[in-house]
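There are 6 protein chains.
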Amino acid sequence: MKPKESRYNRGLATMRSILGPGIESGLKELAATSPDLARFLVEFPFADIYPRPGLDLKTREMLTVAALTVLGYPQAELKEHIQGALNVGCTRDEILEIILQMTVYAGFPAALEAVKTAGVVFGEKK
Amino acid sequence: MKPKESRYNRGLATMRSILGPGIESGLKELAATSPDLARFLVEFPFADIYPRPGLDLKTREMLTVAALTVLGYPQAELKEHIQGALNVGCTRDEILEIILQMTVYAGFPAALEAVKTAGVVFGEKK
Amino acid sequence: MKPKESRYNRGLATMRSILGPGIESGLKELAATSPDLARFLVEFPFADIYPRPGLDLKTREMLTVAALTVLGYPQAELKEHIQGALNVGCTRDEILEIILQMTVYAGFPAALEAVKTAGVVFGEKK
Amino acid sequence: MKPKESRYNRGLATMRSILGPGIESGLKELAATSPDLARFLVEFPFADIYPRPGLDLKTREMLTVAALTVLGYPQAELKEHIQGALNVGCTRDEILEIILQMTVYAGFPAALEAVKTAGVVFGEKK
Amino acid sequence: MKPKESRYNRGLATMRSILGPGIESGLKELAATSPDLARFLVEFPFADIYPRPGLDLKTREMLTVAALTVLGYPQAELKEHIQGALNVGCTRDEILEIILQMTVYAGFPAALEAVKTAGVVFGEKK
Amino acid sequence: MKPKESRYNRGLATMRSILGPGIESGLKELAATSPDLARFLVEFPFADIYPRPGLDLKTREMLTVAALTVLGYPQAELKEHIQGALNVGCTRDEILEIILQMTVYAGFPAALEAVKTAGVVFGEKK
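So the sequence lines, in the order shown, correspond to chains S, B, H, R, A and U. Numbers 1 to 126, taken from the numbering used here, label the letters of the first sequence in order. Numbers 1001 to 1126, taken from the numbering used here, label the letters of the second sequence in order. Numbers 2001 to 2126, taken from the numbering used here, label the letters of the third sequence in order. Numbers 3001 to 3126, taken from the numbering used here, label the letters of the fourth sequence in order. Numbers 4001 to 4126, taken from the numbering used here, label the letters of the fifth sequence in order. Numbers 5001 to 5126, taken from the numbering used here, label the letters of the sixth sequence in order.
Bound-form chain S, shown alone (with noise of 0.2 Å):
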């Protein structure tokens, strides 16, 4: 086996196992832009970083989840990452407790947006 395709391979089952098998559609939407972001998407935070052993992937999720709400504009990420979070494991309620914490790093708007985002996930809006 050539080492990059077990590299890719490895990325390629970490984000499915994450984020669920309905993200090859979202790759193959994002390969028909950008074949070499979509390859380096799996490839370095899922095979290189997400993998390691040093966080469990539930941890991960929860880290996440804090960057994306602090970060504020990227909320087409937030959704996927927070049902990531929740198939590894998360809560709802520890999801929601990670947004109420960012409240105090980020302000109320990063908050407010995320909430948003998970009250879609959670499918209590339509």
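None of these hints come from the bench; they were simulated from the model. Fair warning: there could be bad hints in the mix.
[What the hints assert, rightly or not] A short, non-exhaustive set of chain B residues, derived as facing chain A with CB atoms under 8 Å:
id, residue
1, 1052
2, 1070
3, 1098
4, 1102
5, 1104
Where is the CB? At the ideal position from N, CA and C, for every residue including glycine.
Use these hints to put chains B, H, R, A and U onto chain S, whose structure you have.
Using the frame of chain S, we list chains B, H, R, A and U on its own:
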């Protein structure tokens, strides 16, 4: 009267007087996902901070319009606070002047996004 | 000719040559809410900065695509400038390469948002 | 006992247990300029948010290290919270792993600044 | 008088009246590296924007203190403008109240950094 | 030769050619705290991204100077890359022109901080 209720009620009254009575449906929607964030939003910004005597409500809303313009991503909150600024005595010209000044501190994209939102509030766009 | 008009006209010509003749309807829409911001947008970035001889327009548009990708929230402005970059001689591959490089400086969410916008401009999405 | 004092005292106890007893001299210095910000810092983040049962203190400090790494500019606060994370049970390796993961969401400059600060806390630099 | 000189002179007079006569040595230092940025700083913010009649200088400086607090990284500019705000009639209490309000929109780290800078300006720290 | 070593070596060679041979002591210092971040810094930006044929190194460094100016807080990284830009063929005037253009997208504080850093690199300040 329990002190906690009094804090919540003071906050709710401040929110209504700034953002208008429509804010209660917004709060209800927020509370459907995160009742705790809804409560802290009422209690921290609007009971603890806004009613403090150090600055009048018009000045506070002007500062908030500046802050949200600089952040750039929270256009939903900016929309509420442009309406809020009008409610507590700002003129449209003052709001546009604040946004214009923010070109100096956050660049033209921040101001362009904020003016679009102001245009929606002013009813110039449908 | 009054010097102020000449500055405005020089800016408008630069805007048209970069962003295309459609920019005038955008300016009219902006001026309907804030005539002053519309005028400063023409005069400061596009009369004072872009026509300076120190960098050619293609390089300037590449820098702008990088800057807007990093900021993340101004996807409407990024859309205009991805089209602008194409208009002044950038290739699609160069634009995607700029966005890819920004993963290093602003992370993957910034690049993912920008590629979605690039995909819209490139006509790969409807 | 008056409820307000109890809120302040609960916050101060939480701050001490996370950030160490040295935090009181920091608070005194802050209160010399802004007694109100010092009080709100004790009462909102550390009495209202951190002691909530939804997340344990170790998880909260990990989220805070992530948030401050993403923001980039508040290295003084990050320094306090890297020490805080160690105080409540994080290992150095976990802190470095959090910072490493933030390359994905905020890019390498954010991680490089945070690792420098971690190095100072870990005593690897004088 | 040539119109360009008049624009520069009007800007310089506004800078002096807000930031104090010491600003000229700061401008000279800036011009030693980038004469063009020094000139545009005088001409765009301080000739084109600040002297506009829509907002008085005290209000403008309050908005600028809010904006720079939210941005977080430009503490050198915030220091100038806290002094500027004092020069045009803000009280220390008003400045601290602005910074306190920014906890709501940009979180506590933004306010903590700004209060440290305010403390330096107020002469409470050496 | 193992592929991983080859990736690291390619990255290190690119770093040296852009940032100068002094970069190795910087990497050693970084690796003393986080060997993994040091390795990923070499391998992802400098082996995977920078050597790609889509943009030449001079253009890449110009984009990086723009990105770091916009971010504002990473002046240490900006200092390295201003030197890097000079090393791969940018002139001082081009670097100052990039920073000047960023006033449009990130405001004057971003440009003022960056020019101070450029002044240090250019040896105009001690």
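Here is how each hint holds up against the structure:
1. 1052: 7 Å, holds
2. 1070: 5 Å, holds
3. 1098: 6 Å, holds
4. 1102: 6 Å, holds
5. 1104: 4 Å, holds
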